[in-house]
Amino acid sequence: MTTIFGIPLMVLFGQLLLGLINGAFYALLSLGLAVIFGLLKVINFAHGAQYMLGAFAALLGLEYLGLDYWLALLVVPLVVGALGILIERVLLRRIQHIDHLYGLLLTFGLALIFEGTLVNLFGVSGSSYPVPEALAGGFNLGFMFLPTYRAWVLVAALAVCLFTWFMIERTRLGAYLRAGTENPRLMQAFGVNVPLLVTLTYGFGVALAAFAGVLAAPIYPVSPTMGSSLLIVVFAVVVIGGMGSILGAILTGLAMGLIEGLTKVFYPEAANTVIFLVMIMVLMLRPAGLFGKEA
Amino acid sequence: MAMSDTSTVTAARQRSARRRHGLLYLGLILLGLVAPFVAYPVFLMKILCFALFASAFNLLLGFAGLLSFGHAAFLATGAYITGFLLSTYPGLTPELGILAGTLGSVVLGLLFGLLAIRRQGIYFAMITLALAQMMFFLFIQSPFTGGEDGLHGVPRGELFGLFSLQSNLALYYFVFAVFVLGFALIQRTVHSPFGQVLKAIRENEPRAVSLGYDTDTYKLVAFVISAGLAGLAGATKTLVFQLASLGDAHWHMSGEVILMTLLGGVGTLLGPLVGSSLVIGLQHQLSQSPLGDWVSVILGSIFVLCVLSFRSGIIGELQKLVKRNFK
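Sequences listed follow chains A and B, in order.
Going by the working numbering, 252 is the number at position 252 of the first sequence; the sequence numbering is gapless.
Throughout, the working numbering is defined as the position within the second sequence, counted from one, plus 1000.
To be clear, the hints were calculated from the coordinates, so they are not data collected in a lab.
Any given hint could turn out to be false.
[What the hints assert, rightly or not] Residues from chain A shown here face chain B by an in silico Cβ test under 10 Å; the list is partial:
#, residue
1, L104
2, W152
3, L196
4, V265
5, E269
6, M279
[Claimed, not checked] Derived, one-sided and incomplete: chain B residues facing chain A with beta-carbon distance under 7 Å:
#, residue
7, L1031
8, M1134
9, L1299
No residue lacks a Cβ here, since even glycine has one placed at the ideal position from N, Cα and C.
Chain B extracted, bound-state conformation (with noise of 0.2 Å):
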């Protein structure tokens, strides 16, 4: 009897956590919608890309427990494919440009994935980074990408070869379309079975394989979803900014995405959301004031303070005082 009033109790305070996350979410889509009356909207879809770029790492490092160190590969490789595409064929359509992008991501991170994942921890993030540095390498090399000058003038077509996305108002609404389904993607891929082994794994892999896991498939599949939603966010960005350069593909882009999801939160969904507006809204700043050159030293000594005493990130920190507080 007391066994079924507490699995009772259980399961309505899930109802309720539910619903509450339900009404948050309802929430963000409604701020979302309205942001760009109130907001520069391009400043806006930067965030946007970044926030989903940070939330595909955070698939991999906050719920796998892998850090790639070379997540600016997927980003790089997204958003040239897409530019070269829709530059090259001007009757392509967007919405199959950036779909050509993400597919190219998708192999690319399968490639990445089945390499890496041969090895743990830190070797791991030493072979994504060094994978990353090549196709760096390649990119300068390869006639497709412009070299140094990279791609400039992407048109931005029309959606579905009917909707012009010319202005910024509509493209912004596309944006946040791409972005909510990247990130419901994510949020269905944590809290299904699939997710729950994939944090088994990141809790301790020995005994998920002990349990009869194939962790590597785990990893595997994962790092391709990763890189794929990462190669979204490169795909999209150029559709925003009209060209694709080498700073996507610079190792400094890795480690952004990385700081980003450590400030925001590693392993909560909002994280990455909350890092990424953080770190795109103050180099916005930065660049308009004279600390402009001291940015890179302004962003390691967030890197250092994070490490040191706020490893939860601003997320977590935050859903540990509720915890206190509220229960």
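If we strip away everything but chain A, and leave its shape as in the complex, we get (with noise of 0.2 Å):
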């Protein structure tokens, strides 16, 4: 068998992909949070249960409604951004003239929140969600086995983020979102409705983390506590690119869970910190991250 510095290539290449789908998760979610921070300058503490209530309410629509995959991937989305619409409306609309570090916290409050009923609705341990048929199976590559979930995934999250880049950077509605980023109230002035604006925009950040849920849910085990560890990762992911660019973003996440995957294979007793080594090296030569634009 082909190996390379003693590691077969198999497990290499196995590995590389396995990091690229976590990548393609944490460009996913690092994209929303960027979205959500560019205009509210609000962290989205929330974004990991929003996640993962993407991921249960497939399961849950799946198991009492018959809602499969394809529809799910489709209403889910849109179900749990309207509960984003309705916590902006609601909860940090009221906050958003103090300390923006207040929103941090309230959202932190809402995902205590959230974990919490679901512990207490489903437990702790994980449930498993069916690959839909027509994705069941793979192809063989001749190097290595790729089942064909795991490419939908990988096509279907940059496909969403090429679209959101390509919302943000290349439409009207895109211009008016970066032109409310720099300067709100001039926008106000110019009659764009600028509180809409926000509104829409945490909503489609936390759509985007629900449909990232719906993408998760047949590859990792759909469990209350499995957005919270990921969103931290996601928060590091999101210090080292920097805040400022959504392709910074999008590349950051793809790139930081190729290193994890090449980390597995080379030192896997380094895979859980090995994100927070790159962020700690990162603050050290280049504080604003890796695509930041201020300090």
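Given two chains presented individually in distinct reference frames, assemble the corresponding complex, making use of the accompanying hints.
Here's what the structure looks like:
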């Protein structure tokens, strides 16, 4: 069998693929965080919980309503996004004018509420969501086996990332959003309904998290705590990339996934911590982040 | 003439305020001394440890405006080092074990601080959280922490090799002394010229820089003091419960200490004391009731309510009330 540095090539590619898929989730989640942060200046601590809610909604929808995977992919982000809109209107709006650290604390409280409620209803052990039939099986690529569902996750996540990038950088709505990020009061003076824009932006960010949750349901165990530990890694990814650039967030997410995959092959003991170590190095060498603008 | 009049009045008012504070602290110390005869000492010791932890955290958030989301790392470092040393070297006296745990947290605080103060605001919170999560994984993997099981049966030993701390009452007075020392250090720091500069940084950092203060050094020193005291709290807690576990290092713990401070009153000296008593008391009550499983939902709801409509916390609101009605 072909080996590289004493590692079978199969293993290496297998881990790189797993890493890339993790990276796709990092990219989706850090993208949502960056979009929300841009306009609201709030770090959405409930992002992990909303991702978890997406996965749970898909699972429960299948179990009780017979909602199939493809419909879930469409409906769940809308439902959880609507919840996000409610949160923004009822809670976040009231603290918009004060120090943005309070937004972090408020969403942290929400994360505790969501997670705690689901732990009580469903326990901490994970359930599994069946891989949809159309995406079962896989290809033999010669040097490795590629499960179809994982290939689909990669394609879908990247497509949504690029769609978001296109929306923000190339459309009129995106231009409003970018202008609102720079100077919301001037936008308001020009007659743009900024409060509505803020609400929709938060809803969209939350919907992105829920979409990631549905995508994740067939490959990771669906449990109430699946979001929180992931979110902390995503925070590190956000610190590494900086939240100034959409493409930067996507690239950093994918790159961190790959680095994690490589570490699993060559030094598995550090697989959990390698992203934090990269964060430390970035902070020492380029504190503003790889794609960040200000310190 | 008028000027000197006002300055005498101010001085007199300051003197009377200081006297009132002195009386308040004296009363609290007396309360602390008689408390173990009224309530269960272990419960009181838990409150004291967390009150010290929250006061240390509050030094950073309340007086320097830095929100650390990773203070659990310092609590756990103090707890693990003390627990490991006391269980491994039976000859070691508890105060040396606690000292070592505290020093460990000071060193960790210095390292974290150097990294985290490179960014401000929300990034500072995310960086401290990520670093603390890294420590959590290191604690799981290190051989000396007992991994998922933690360290059990840590001996309480004899203070200075002379006084046995086996009885809860004896240990209570030791923990109380540790708390009073830690609290006094925070009180002195806050009211010192150093503390005044910290407040200036909190209010307006660019202004403080333009006045010639090296704000990074001030922030770093505050961070290290806060980390060290959090470690002291963790180390003392190990002695009380005779165990150190991963729960201390979990991000929930970092969130809990924020809640204690927020509920009691950010930037007030007594706030963390009140907040931690309430949160610990609430957890204690809930754990014995059918609502026990809902603790994190209830804590989360308190978080949301505090942020929405109770941002000054209990002590902060009381201070406002007093100011409005008695001046």
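For each hint, the structure was consulted:
1. At its closest, the beta carbon of A:L104 sits 6 Å from a beta carbon of chain B; the interface hint therefore holds under the 10 Å criterion.
2. The beta carbon of A:W152 comes no nearer than 30 Å to any beta carbon in chain B, farther than 10 Å, and the hint placing it at the interface is violated.
3. Taking 10 Å as the C-beta cut-off, the interface hint given for A:L196 is violated, the closest approach to chain B being about 22 Å.
4. A hinted interface residue such as A:V265 counts as satisfied when its beta carbon comes closer than 10 Å to some beta carbon of chain B; here the least separation is about 18 Å, so the hint is violated.
5. With a cut of 10 Å, the hint placing A:E269 at the interface with chain B holds, because the nearest CB-to-CB distance is about 6 Å.
6. For A:M279, the interface hint holds, the least distance from its beta-carbon to any beta-carbon of chain B being 6 Å, beneath 10 Å.
7. With a cut of 7 Å, the hint placing B:L1031 at the interface with chain A is violated, because the nearest CB-to-CB distance is about 31 Å.
8. Annotation: interface hint on B:M1134 holds; nearest CB of chain A at approximately 4 Å, less than 7 Å.
9. A hinted interface residue such as B:L1299 counts as satisfied when its beta carbon comes closer than 7 Å to some beta carbon of chain A; here the least separation is about 6 Å, so the hint holds.
Hints 2, 3, 4 and 7, counting from the list given before, are not met by this structure.
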